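Which chain is which? The protein sequence lines are A and B, in order. Position one of the first sequence corresponds to residue 1 (this note's numbering), numbered consecutively onward. Position one of the second sequence corresponds to residue 1 (this note's numbering), numbered consecutively onward.
Think of the hints as simulated: they come from the structure by calculation, not from any bench. Honestly, I wouldn't trust all of these hints.
[To be verified] Which bits of chain B does chain A cover? Going by a derived footprint, with three or more residues having C-beta under 8 Å, they are:
1. 102-108
2. 253-267
3. 335-346
[As the list claims (entries may be wrong)] A few chain A positions that, by computed beta-carbon distances, are all more than 10 Å from chain B:
4. 3
5. 29
6. 40
7. 70
8. 173
9. 189
10. 213
11. 252
12. 261
13. 274
14. 277
15. 278
16. 284
17. 319
18. 351
19. 376
Quick caveat, the model's predicted, so the values are computed rather than measured. Just so it is clear, CB atoms sit at the ideal spot from N, CA and C, and this is done for glycine as well.
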Amino acid sequence: MNGSLHYDVVVLGLGVAGLTAATRLAEGGARVCVLAKGVGSTHLAPGTVDVLGYDPERVEEPAAAIPRFIAAHPDHPYALIGADAIAPALEWFAATLEHGPQPAYRYTGGLERNHLLPTAVGVARPSALVPQTMAGGDMRSNEPVCVVGIPVLRDFYAALCAGNLRNAGVPARAIEVDIDVGRVEANSLLLARRLDDPSFRAAFAARLALLVRPGERVALPAILGLRDPFGAWSDLERRLARPVFEIPTLPPSTPGMRVYDALVAALRAAGGRIVLGAEVLDVERSGERVTSVRAHSSGHDTVYGARWVVLATGGFGSGAIELGSDWQAREKVLGLALRGMPGPGEPRFTAGYFGPQPMSPVGVAVDSSLLAEGTENVFVAGAALPGSVPWREGSGEGIALASGHFVAQAVLEREGATATA
Amino acid sequence: MIEDLFHEELRASLDHCIKCTICETACPVSNVTPLFPGPKYAGPQAERFRAQGEPQDEWSVDYCSGCGLCTMSCPQGVKIAELNAHARYAVKQRKGVPLRDRLITRPTVLGRLGTPVAPLANATLKLRPARVLAERLLGIHRDAPMPKFAGRRFRTWARRHQPPSTGTKIVYFHGCGTEYYEPEAGEKVVAVLEHNGYRVEVPDQDCCGLPLQSSGLFEDARKYVKRLARALAPHVRDGTLIVGNATSCTLMLKREAREILGLQDDPDLALVSRQTYDICELLLGLHDRGELRTDFQPVEDIVAYHAPCQQQGHWMGKPALELLALIPGLEVRELNARCCGIAGTYGLKREKYQIAMDAGADLFGQVEASGARIVACDSETCRWMIEHGTHRPSVHPVELLHQAYGL
Numbered sequence: 001m002n003g004s005l006h007y008d009v010v011v012l013g014l015g016v017a018g019l020t021a022a023t024r025l026a027e028g029g030a031r032v033c034v035l036a037k038g039v040g041s042t043h044l045a046p047g048t049v050d051v052l053g054y055d056p057e058r059v060e061e062p063a064a065a066i067p068r069f070i071a072a073h074p075d076h077p078y079a080l081i082g083a084d085a086i087a088p089a090l091e092w093f094a095a096t097l098e099h100g101p102q103p104a105y106r107y108t109g110g111l112e113r114n115h116l117l118p119t120a121v122g123v124a125r126p127s128a129l130v131p132q133t134m135a136g137g138d139m140r141s142n143e144p145v146c147v148v149g150i151p152v153l154r155d156f157y158a159a160l161c162a163g164n165l166r167n168a169g170v171p172a173r174a175i176e177v178d179i180d181v182g183r184v185e186a187n188s189l190l191l192a193r194r195l196d197d198p199s200f201r202a203a204f205a206a207r208l209a210l211l212v213r214p215g216e217r218v219a220l221p222a223i224l225g226l227r228d229p230f231g232a233w234s235d236l237e238r239r240l241a242r243p244v245f246e247i248p249t250l251p252p253s254t255p256g257m258r259v260y261d262a263l264v265a266a267l268r269a270a271g272g273r274i275v276l277g278a279e280v281l282d283v284e285r286s287g288e289r290v291t292s293v294r295a296h297s298s299g300h301d302t303v304y305g306a307r308w309v310v311l312a313t314g315g316f317g318s319g320a321i322e323l324g325s326d327w328q329a330r331e332k333v334l335g336l337a338l339r340g341m342p343g344p345g346e347p348r349f350t351a352g353y354f355g356p357q358p359m360s361p362v363g364v365a366v367d368s369s370l371l372a373e374g375t376e377n378v379f380v381a382g383a384a385l386p387g388s389v390p391w392r393e394g395s396g397e398g399i400a401l402a403s404g405h406f407v408a409q410a411v412l413e414r415e416g417a418t419a420t421a
Numbered sequence: 001m002i003e004d005l006f007h008e009e010l011r012a013s014l015d016h017c018i019k020c021t022i023c024e025t026a027c028p029v030s031n032v033t034p035l036f037p038g039p040k041y042a043g044p045q046a047e048r049f050r051a052q053g054e055p056q057d058e059w060s061v062d063y064c065s066g067c068g069l070c071t072m073s074c075p076q077g078v079k080i081a082e083l084n085a086h087a088r089y090a091v092k093q094r095k096g097v098p099l100r101d102r103l104i105t106r107p108t109v110l111g112r113l114g115t116p117v118a119p120l121a122n123a124t125l126k127l128r129p130a131r132v133l134a135e136r137l138l139g140i141h142r143d144a145p146m147p148k149f150a151g152r153r154f155r156t157w158a159r160r161h162q163p164p165s166t167g168t169k170i171v172y173f174h175g176c177g178t179e180y181y182e183p184e185a186g187e188k189v190v191a192v193l194e195h196n197g198y199r200v201e202v203p204d205q206d207c208c209g210l211p212l213q214s215s216g217l218f219e220d221a222r223k224y225v226k227r228l229a230r231a232l233a234p235h236v237r238d239g240t241l242i243v244g245n246a247t248s249c250t251l252m253l254k255r256e257a258r259e260i261l262g263l264q265d266d267p268d269l270a271l272v273s274r275q276t277y278d279i280c281e282l283l284l285g286l287h288d289r290g291e292l293r294t295d296f297q298p299v300e301d302i303v304a305y306h307a308p309c310q311q312q313g314h315w316m317g318k319p320a321l322e323l324l325a326l327i328p329g330l331e332v333r334e335l336n337a338r339c340c341g342i343a344g345t346y347g348l349k350r351e352k353y354q355i356a357m358d359a360g361a362d363l364f365g366q367v368e369a370s371g372a373r374i375v376a377c378d379s380e381t382c383r384w385m386i387e388h389g390t391h392r393p394s395v396h397p398v399e400l401l402h403q404a405y406g407l
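With the hints as constraints, model all of the structure from the sequences given.
Below, the structure written as structure tokens:
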């Protein structure tokens, strides 16, 4: 049939969960195609891997906290995949970003101890695995911080950040160094592209060197390049002869884009395909197996046959799960059953923006191997999974990465079993 | 006037915009010039302030190159590039369309004029004083890459060409680039198709109207594309497929004419749109079914591959890469730059040439770093820009298949 292609696995979604699953699968020898309606949420994320930040008090040592957390939350994705499945996923991620086809982008940390990094407004955020370029910002250190504002980058207020750092007990002050980009306003992506240029970076460092004081570490919004950010950061540290660290900004988030670029490059190097713009329209089933996915392409649709499907399309945030005007939630892509919906008559929302929201843990119903209920070959990863409240737990990337890694392993094991049989 | 209902449908998509800025990261233009405020600002945000029938003054949307990467990247399905195309049309309606834009957007007119006098025309286009004059009088940048007239037409060859007596019938839409500038590329397309068991028909055809559409000349563009659809439709009512190597033009037939020009109701276009395939898409489909011949000779070479924006707009991934990977000996380096900058006729314009070069700089640098001797790319105007920006030859991926088949 014209307009049809066949793969071992079709992965739906191009965020951290989808990219991790697809890359792992391709590395394991599977023929993989990723279909995505658009780019995933990497470009909006800080680029750190937050595994467990709050339970509900701030978590210092995730490795020690996770077993307790799992015991208290038996429906949580971590409970399904098991505490032991998290660390290998983190190791794989760090190795892929450091040793993949892109210039080395080093991560540091793990489950032993959370870093405590400042956000753009200078508030502490616990995170397990962080880019080396950010690690110097740990708020447990009382080394004084010089927060550098770039006036054209209007979304980053150095004075506000420094003020909140001081409130948290970290000595801090704010300075401003402008970067001329020929316009009145710039986002961090534009500045990152400028700082990719070694000679521009050298000139920027020279101006900065005049303003920083002895003993200070230098905090910059995350603009230290896209092409070779670890190299750019090392270069700046050497030039300033002091610790330098990045603070993630509002979107577009360059550290998130670095993760996207690195994972896409690793996926491509392993032979995986990516089709952007391919919104899934419907699927063909044979009993409880999804045998093919029909996706939008220009002019005519394209049918992607697959033995396995990984659903990594996200939850309410991405629009893959939707609450209709009939107050019913739906998984829009494959029409899978959901779990965690408040019962009839129970409240779906509560007052208070930051309060516990009854709808938050809603996700696709899965078994303990993350196989979607009512299917034999659809695995679910990332924010589509039920049982978590990532923004309260500080667990979003951890769930995406660990579950993406886990489902890839599950598919490869079953593929192996089929091959042997 | 654009049909109100259709325009309202496009506008409805902007309510899905969550201001996430993913489109801004994809835009090749706003990342190099402040003259275009970016897809989010010019698109869904500004659109809220554009009332139907009210005068539009924001000239900045004319700096959108229409590449469509914003729409493709948007995870929420907002029709950003399409909204911008409409805004550009509206502003040009009010402010007028320069003579230049009426001229360079008609490749068939240029082709018919230039072909008989190709040596003279080509020599003139290389002449500095002539280019300076063209810049002053018409606003075509003196350094912009101009293709060379082949001096012969593809159709002349096609008429004389003896097709095989058997094989699956397929209709070849060759586009103006093949017709006037690169007839040999068309001959290779035909040879590769015939090698794979097709009997190629080349019906009479004209421009798809894409250059006109991207310069905001919607009425003229509609005439061209409807005429083309009328010419092709009778040949494919029996289910025959249409295949093209001009990826921007096949995208025009597949989607842009319907989504930007609002021609959803044209029955000929609907048929043609459904049955049109990009050549690499078609061949990858054959390969998936085990029907593509893989009797490739080794090609010991390094090739860099750039997927042009409008190839990506087919929303089918990068089939050329899978095909090139089948050629033994050939090392393929996938580039991930956004855009070569040219965007059809955009980079020819005096006020936009430098923007195009700046937008293409990333790609040119990647080609340099790749160590590749040649660059494969699916769109002809992009190939001309790549040759201009990298001083390396650029070919359609099918030309490499043709070489490897030893045809």
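- Message: The output says residue 284/A does not contact chain B. Does that hold with a beta carbon cutoff of 10 Å?
- Response: Non-interface label stands for residue 284/A: nearest chain B Cβ at 16 Å, farther than 10 Å.
In terms of Cβ atoms, is chain B entirely out of 10 Å range of residue 29/A? Label holds. Min Cβ-Cβ 16 Å, cutoff 10 Å.
Evaluate the condition: distance from the CB of residue 40/A to the nearest CB of chain B exceeds 10 Å.
-> Nearest chain B Cβ is 7 Å from residue 40/A, so the label is violated.
Outcome, coverage of the region 253-267 of chain B by chain A - at least 3 residues whose beta-carbon is closer than 8 Å to one in that chain: Held - the region 253-267 of chain B has 3 residues with a Cβ nearer than 8 Å to chain A, which meets the minimum of three.
Run the C-beta distances from residue 319/A to all of chain B and say if the shortest one exceeds 10 Å. Not fine: 6 Å to the nearest Cβ puts residue 319/A too close to chain B.
Point to revise | Least C-beta distance from residue 376/A to chain B larger than 10 Å | key: Given that every Cβ of chain B is farther than 10 Å from that of residue 376/A, nearest at about 24 Å, it holds.
Over 10 Å from every CB of chain B: does residue 261/A meet that, or does the non-interface label fail? 7 Å, violated
Does residue 189/A sit more than 10 Å from chain B, CB to CB?
Answer for residue 189/A: violated, closest chain B Cβ roughly 6 Å.
Hey, is residue 252/A genuinely clear of chain B, shortest beta carbon separation above 10 Å? 5 Å, violated
_Using a Cβ cutoff of 8 Å, are there at least 3 residues of the region 102-108 of chain B near chain A, or does the coverage claim fail?_
The restraint on the region 102-108 of chain B is violated, since only 0 of its residues have a Cβ under 8 Å from chain A and three are required.
Minimum Cβ separation between residue 351/A and chain B greater than 10 Å? Per Cβ check, residue 351/A is outside 10 Å of chain B; nearest 23 Å; holds.
| Would you say residue 278/A is clear of chain B, with no C-beta pair closer than or equal to 10 Å? | Given a closest Cβ separation of 5 Å, the condition is violated.
Against the hints set out earlier in the document, violations occur for numbers 1, 3, 4, 6, 9, 11, 12, 13, 14, 15, 17.
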